[in-house]
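Here the protein sequences come in this chain order: A and B.
Sequential numbering of the first sequence, starting at 41, is according to the working numbering.
Sequential numbering of the second sequence, starting at 3, is according to the working numbering.
Misleading hints may appear alongside valid ones.
Stated by the list, open to error - Taking lysine-lysine and the DSSO-like style, the derived pairs with C-alpha atoms no more than 30 angstroms apart in a straight line are: (1) B:317 <-> A:42; (2) B:47 <-> B:90; (3) B:235 <-> B:220; (4) B:47 <-> B:173; (5) B:280 <-> B:269; (6) A:42 <-> B:211; (7) A:162 <-> B:391; (8) A:94 <-> B:237; (9) A:124 <-> A:46; (10) B:391 <-> A:94; (11) B:378 <-> A:83; (12) B:391 <-> A:83; (13) A:46 <-> B:378; (14) B:173 <-> A:94; (15) B:211 <-> B:173; (16) B:258 <-> A:94; (17) B:92 <-> A:73; (18) B:91 <-> B:237; (19) A:83 <-> B:392; (20) A:73 <-> B:378; (21) B:391 <-> A:161; (22) B:391 <-> B:378; (23) A:73 <-> B:391; (24) B:392 <-> A:94; (25) A:42 <-> A:83; (26) A:94 <-> A:46; (27) B:392 <-> A:73; (28) A:94 <-> A:73; (29) A:83 <-> A:46; (30) B:237 <-> B:47; (31) B:396 <-> A:73; (32) A:46 <-> B:317; (33) A:161 <-> B:392; (34) B:258 <-> B:220; (35) A:162 <-> A:94; (36) A:73 <-> B:280.
Hints were generated in silico from the structure; no laboratory data involved.
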Amino acid sequence: MKYSEKVMDHFTNPRNVGEIENADGVGVVGNAKCGDIMKMYLKIDDNGVIVDCKFKTFGCGAAIATSSMATELVKGHTVEEALKLTNSAVVEALDGLPAIKVHCSVLAEEAIKSAVADYYKKIGKPIDFDYDPDHDHDHDHGGEDEE
Amino acid sequence: MSRFVYADNAATTPVSREVIDAMMPCFESEWGNPSSPHSMGISAKDMLDDARERIASVLGCSAGEIFFTSGGTESDNWAIKGAAMRMKKKGRTHIVTSKIEHHAVLHTCEALEKEGFEVSYCGVDEYGVVDLEELRSLVTEKTGVVAIMFANNEIGTIQPIEEIVSIAHEKGALMFTDAVQAVGNIDINLSELKVDMLALSGHKLHAPKGIGLLFIRKGVVIGNLIEGGGQEKRKRGGTENLPYIVGLARALELAKENMVHLPRVAKMRDRLISELTKIPYSSLNGHPTKRLPGLVNIGFEFIEGESMLLWLDMKGICASTGSACSSASLDASHVLLAIGVPHEKAHGSLRLSISSDTTDEDIDYIIENVGPIVEKLRNMSPLWEDIVKKQTAKK
Ligand SMILES: Cc1ncc(COP(=O)(O)O)c(C=O)c1O
Numbered sequence: 041m042k043y044s045e046k047v048m049d050h051f052t053n054p055r056n057v058g059e060i061e062n063a064d065g066v067g068v069v070g071n072a073k074c075g076d077i078m079k080m081y082l083k084i085d086d087n088g089v090i091v092d093c094k095f096k097t098f099g100c101g102a103a104i105a106t107s108s109m110a111t112e113l114v115k116g117h118t119v120e121e122a123l124k125l126t127n128s129a130v131v132e133a134l135d136g137l138p139a140i141k142v143h144c145s146v147l148a149e150e151a152i153k154s155a156v157a158d159y160y161k162k163i164g165k166p167i168d169f170d171y172d173p174d175h176d177h178d179h180d181h182g183g184e185d186e187e
Numbered sequence: 003m004s005r006f007v008y009a010d011n012a013a014t015t016p017v018s019r020e021v022i023d024a025m026m027p028c029f030e031s032e033w034g035n036p037s038s039p040h041s042m043g044i045s046a047k048d049m050l051d052d053a054r055e056r057i058a059s060v061l062g063c064s065a066g067e068i069f070f071t072s073g074g075t076e077s078d079n080w081a082i083k084g085a086a087m088r089m090k091k092k093g094r095t096h097i098v099t100s101k102i103e104h105h106a107v108l109h110t111c112e113a114l115e116k117e118g119f120e121v122s123y124c125g126v127d128e129y130g131v132v133d134l135e136e137l138r139s140l141v142t143e144k145t146g147v148v149a150i151m152f153a154n155n156e157i158g159t160i161q162p163i164e165e166i167v168s169i170a171h172e173k174g175a176l177m178f179t180d181a182v183q184a185v186g187n188i189d190i191n192l193s194e195l196k197v198d199m200l201a202l203s204g205h206k207l208h209a210p211k212g213i214g215l216l217f218i219r220k221g222v223v224i225g226n227l228i229e230g231g232g233q234e235k236r237k238r239g240g241t242e243n244l245p246y247i248v249g250l251a252r253a254l255e256l257a258k259e260n261m262v263h264l265p266r267v268a269k270m271r272d273r274l275i276s277e278l279t280k281i282p283y284s285s286l287n288g289h290p291t292k293r294l295p296g297l298v299n300i301g302f303e304f305i306e307g308e309s310m311l312l313w314l315d316m317k318g319i320c321a322s323t324g325s326a327c328s329s330a331s332l333d334a335s336h337v338l339l340a341i342g343v344p345h346e347k348a349h350g351s352l353r354l355s356i357s358s359d360t361t362d363e364d365i366d367y368i369i370e371n372v373g374p375i376v377e378k379l380r381n382m383s384p385l386w387e388d389i390v391k392k393q394t395a396k397k
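The whole structure should be built from the sequences, with the hints applied where relevant.
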């Protein structure tokens, strides 16, 4: 399995790693059993613009790279725009992912959505979009390679 | 200083120069078919016989007990399916294996279950040693074959194989062992070790991939897996892979000679273990002493193995992990789960398998690099964040 240069770039130099104290929205998706957890922090200004976004991820190279890319794609955009972020947009921005790693991009999309949901809860806005915090992502695994 | 360190010898080994040199005549001049009655065939047959004799002498068995195959996987399939078919005729339709076998054994057993055989998967203790009490209770007069590996490929644990042989034989079952990881690392003498069948594979021994053998003790009869021409005493069809067979013979001889280096390898292994387990929240997987001389498996909590491998690779270190994300299988390593490692921890396992080609400088280099990589990944792990917060709250 080989990752694109973009993926390796975001894996080795992940953008926006860290935490935001008093974040306006925090989302955690995935579980340790499956081997990946993403935590997203959003700082949102009065106009609903994401002024800062940080992440922490436990997971494989693709999990780290998709988290990093997702933060880049939503930073500076409004919350409504962030909700439109799809996993395929993340994959595309990374110049593709191996088929068995596509689920990582789904996780990144869900992480952003659940952070926004947390923000909506805080400001008392009804959550008018679908998201799945316990996302039991499909491991669309091709087969088993082993020695 | 960067260097290249190959620490994945349990996955495969480089073909040694001597093995390549031994094989070359079979490509250049001795390319005959050993079954042909003309001069080209006769000299090929001579080389084949010679290779078989030399292998038999390394393993302490007779040449007639050696059957060449395409590798470990075929030998595993043949031994278990062949024995199951044969023993079924004696009313023995039960197979006993362990939970930590290679998939070549496990999936073979699962396939036989679908054919109506009953299979018991014996458990192991926290170190990966087969539970002999449980094994004793599982093996009965209905058991046709007991298939337990000699040494495990992921955690390196060596089984009490003599005792396991006795347990199988007490009930009249055949005993098969997958010794793919053991041969070359443990001195095996088949005149003393009373297994009925043993599998080994060339590419773990500095011979090429795609060559292996099944030892079948004289007097033990099993069914065929691959039918064809009359090769291998009509038990395994297909024109013999003479170049690779000659290579395997040379590799086994060299492995035997190289055994003198194993104490040095084990010392390097132990240095890796003691240094790497100094990293907080890390622990050794497998048995502390009953383990392969070159195999280290360490679990690092709160991080995932594939990202560790990617970083190590960038530093020039080739290693392996039991994480689901790297194996592309559905779950974390079945071996780690069987020894009771929780899923989240199994994802953070790192396997380093060294050889006598490894140097002390290589070990220094690995130790130098693993710590910072673990730290880097932990610093971006939300699980680690929780631990750090708990720790600072305590203070
Ligand atoms: C314990 C064990 N059994 C069987 C095999 C399969 O051998 P091969 O790759 O020659 O088919 C391997 C590794 O490949 C192994 O480690």
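Each hint, compared with the structure:
no.	hint	verdict
1	B:317 <-> A:42	17 angstroms, holds
2	B:47 <-> B:90	35 angstroms, violated
3	B:235 <-> B:220	12 angstroms, holds
4	B:47 <-> B:173	40 angstroms, violated
5	B:280 <-> B:269	17 angstroms, holds
6	A:42 <-> B:211	22 angstroms, holds
7	A:162 <-> B:391	23 angstroms, holds
8	A:94 <-> B:237	63 angstroms, violated
9	A:124 <-> A:46	22 angstroms, holds
10	B:391 <-> A:94	18 angstroms, holds
11	B:378 <-> A:83	25 angstroms, holds
12	B:391 <-> A:83	21 angstroms, holds
13	A:46 <-> B:378	20 angstroms, holds
14	B:173 <-> A:94	63 angstroms, violated
15	B:211 <-> B:173	36 angstroms, violated
16	B:258 <-> A:94	56 angstroms, violated
17	B:92 <-> A:73	44 angstroms, violated
18	B:91 <-> B:237	18 angstroms, holds
19	A:83 <-> B:392	24 angstroms, holds
20	A:73 <-> B:378	21 angstroms, holds
21	B:391 <-> A:161	25 angstroms, holds
22	B:391 <-> B:378	17 angstroms, holds
23	A:73 <-> B:391	22 angstroms, holds
24	B:392 <-> A:94	21 angstroms, holds
25	A:42 <-> A:83	34 angstroms, violated
26	A:94 <-> A:46	19 angstroms, holds
27	B:392 <-> A:73	21 angstroms, holds
28	A:94 <-> A:73	23 angstroms, holds
29	A:83 <-> A:46	26 angstroms, holds
30	B:237 <-> B:47	17 angstroms, holds
31	B:396 <-> A:73	27 angstroms, holds
32	A:46 <-> B:317	19 angstroms, holds
33	A:161 <-> B:392	26 angstroms, holds
34	B:258 <-> B:220	23 angstroms, holds
35	A:162 <-> A:94	18 angstroms, holds
36	A:73 <-> B:280	25 angstroms, holds
The structure is inconsistent with the numbered hints 2, 4, 8, 14, 15, 16, 17 and 25, although it conforms to all the rest.
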